[in-house]
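Student: Those protein sequences? They're chains V and U, same order as listed. Under the working numbering, think of the first position of the first sequence as 1, with each following residue one higher. Under the working numbering, think of the first position of the second sequence as 1, with each following residue one higher.
Simulated from the structure, these hints should not be mistaken for lab results. Hints may contain errors.
To be verified - To give an idea of the interface, some chain U residues facing chain V are shown, with a C-beta separation under 10 Å as derived from the structure: (1) A155; (2) D167; (3) K204.
To be verified - Derived, one-sided and incomplete: chain V residues facing chain U with beta-carbon distance under 7 Å: (4) G127; (5) E129; (6) G157; (7) E160; (8) T165; (9) I166; (10) Y168; (11) N171; (12) G176; (13) A239; (14) L248; (15) N249; (16) G263; (17) T264; (18) F267; (19) P281.
Each residue gets a CB set at the ideal place from its N, CA and C atoms; glycine is no exception.
Given next are the chains, with one letter for each unit.
2 protein chains.
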Amino acid sequence: MKATDLAIGIDMGGTTVKYGVVRGHEVIHECDPLRTSEFPGAKVLLAKLVEEVNVLQKRYRIRALGMGVPGFTDVRTGYVHELTNVPGWLRVKAGAVLAKGTGLPVTVENDANAMCYAEWAHGAGKGAENMIAVTLGTGVGGALVIGGQLYRGSAFGAGEIGQMTIDYAGNMGEHGNRGALEKYVGNRETRARAVALSRKAGRKVAESDCEPHLLAAAARRGDKVALAVWDEFTTQLAAGLSACVWLLNPDRIVIGGGVAKAGTVVFDPLRRKIRDQVAEPFRKGLKIVPAKFGNDAGIIGAAGVALSRIP
Amino acid sequence: MKATDLAIGIDMGGTTVKYGVVRGHEVIHECDPLRTSEFPGAKVLLAKLVEEVNVLQKRYRIRALGMGVPGFTDVRTGYVHELTNVPGWLRVKAGAVLAKGTGLPVTVENDANAMCYAEWAHGAGKGAENMIAVTLGTGVGGALVIGGQLYRGSAFGAGEIGQMTIDYAGNMGEHGNRGALEKYVGNRETRARAVALSRKAGRKVAESDCEPHLLAAAARRGDKVALAVWDEFTTQLAAGLSACVWLLNPDRIVIGGGVAKAGTVVFDPLRRKIRDQVAEPFRKGLKIVPAKFGNDAGIIGAAGVALSRIP
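For reference, chain V alone in the conformation it holds in the complex (with noise of 0.2 Å):
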């Protein structure tokens, strides 16, 4: 695999499909992104796909087809086990229906995996060993490079930081597990938080005063009611990447989704308390960042783990 290779990147996500081609870490040609629910089921919107790449391909000599789903997937076959938030995607054999169709090397990979290659291979990961990739929104991703390598798990399901617990008496999680992180540092409980907070300062508030950016912008203010969000917001996300940190010893930890660009409002406090409960051998060689990309990440990513799992 060369710098100057093309590969094309699939982000498919609940409600868009996003793709484009792509060379390094940029998109060099954006397709108008389609809507999943005007292709019901995974079987026409592979075959919308493949007849798209096919277009692609008559333009541009690609190298490399990469799909980034919201689910798990087998990365060695392109098998999509289930994507619960897309409907019809159940047992999918994704991978080789899109090979066959385009004749390209595929490779099928979950979402958060693609988002951190993009972030190693050419963002705020570039040159980490071993790197943890989060992704703040309504729900908290992740994924993990290990030894200068994506690491998936033993069934591909590695890096689920939004479900580890920071309070084994607490909020409920998904999936029966008490005090999983996202029920706490979620873009949802953020907002109730606010709300809350607001109310009991004798505000008059509704939940979309209390969106990520405007809190952020309130904190550089020194809104006090804003302030006392992402104090408890870090303290929370703090205790969670901590235990990851503990368990990795990473060199590395990249932040992504709306939040991570609140800036030093968030950052600061958040390595502050990071580095006030690991030890010294944790905390020295630990930079702690916010993610390059944004909506791209997906594009990019899918497309560089599929250029780099060329034989």
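Please build the complex by placing chain U on the supplied structure of chain V, with the hints as guidance.
Tutor: Here is chain U on its own, set in the frame of chain V:
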């Protein structure tokens, strides 16, 4: 390295140093342990070990020398940063001293890693691709195998399961880390819990009546207080181990130390509680088993790691 190759394993603890000649999973010649108090400081103890190893070398054809130590060590160089529980062990070039004195290839490894290696190569972890090893004692230690290799992290600190939080607002650990697992399931905490619950039930007990093996026997007899102790213990340990499972998606968890000998009274609820809080792909291929080796694990593992690292 062949199955018949011999190596010397040294297992250094806070009070004694155990060592012997190892072939595979067997200690074929175990020497009388040294008492660390009789050899104050690293220099005299290492000189004594060189002498002893050279005596053994006259009798056996030794291929490698491995030493497990309770603290941070740079495996590449055999440099020991600090052993908190052993006076005089600060910045010690143990590997270089042992290699020069014995003429053998030397590996100095963290003791939890050595024990993990013994279980993975010859014991309850045999055949595992990704494995978590936990030792339950006064402290709770751990180590990891990732992709069929010991994983040490970016600064040789990985695997500190006992320091991971299970309650971000809970009991304070040794490093400013609230909710540290070992502050819940360490032997001291288990004894204290048993004493408290016994007194609440109107019984007169001393701490010495509440050693883990006595509590296990009592639980097997159906004693309600003992069962309540283990119920809370397994809830907390399951929370910590489930966090590891969500992050690493391993296929094996090996549990050693005194409590691991409690048998089904601990393992049955522990397995059930872990399975009840992780998703299907995480529990499907996961085996949770007691360690095979007892006191010899450190010697066997140190020797094994040393042999495995011969170029």
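Student: Check each numbered hint against the structure and report the violated ones by number, ascending.
Tutor: 3, 4, 11, 16, 17, 18
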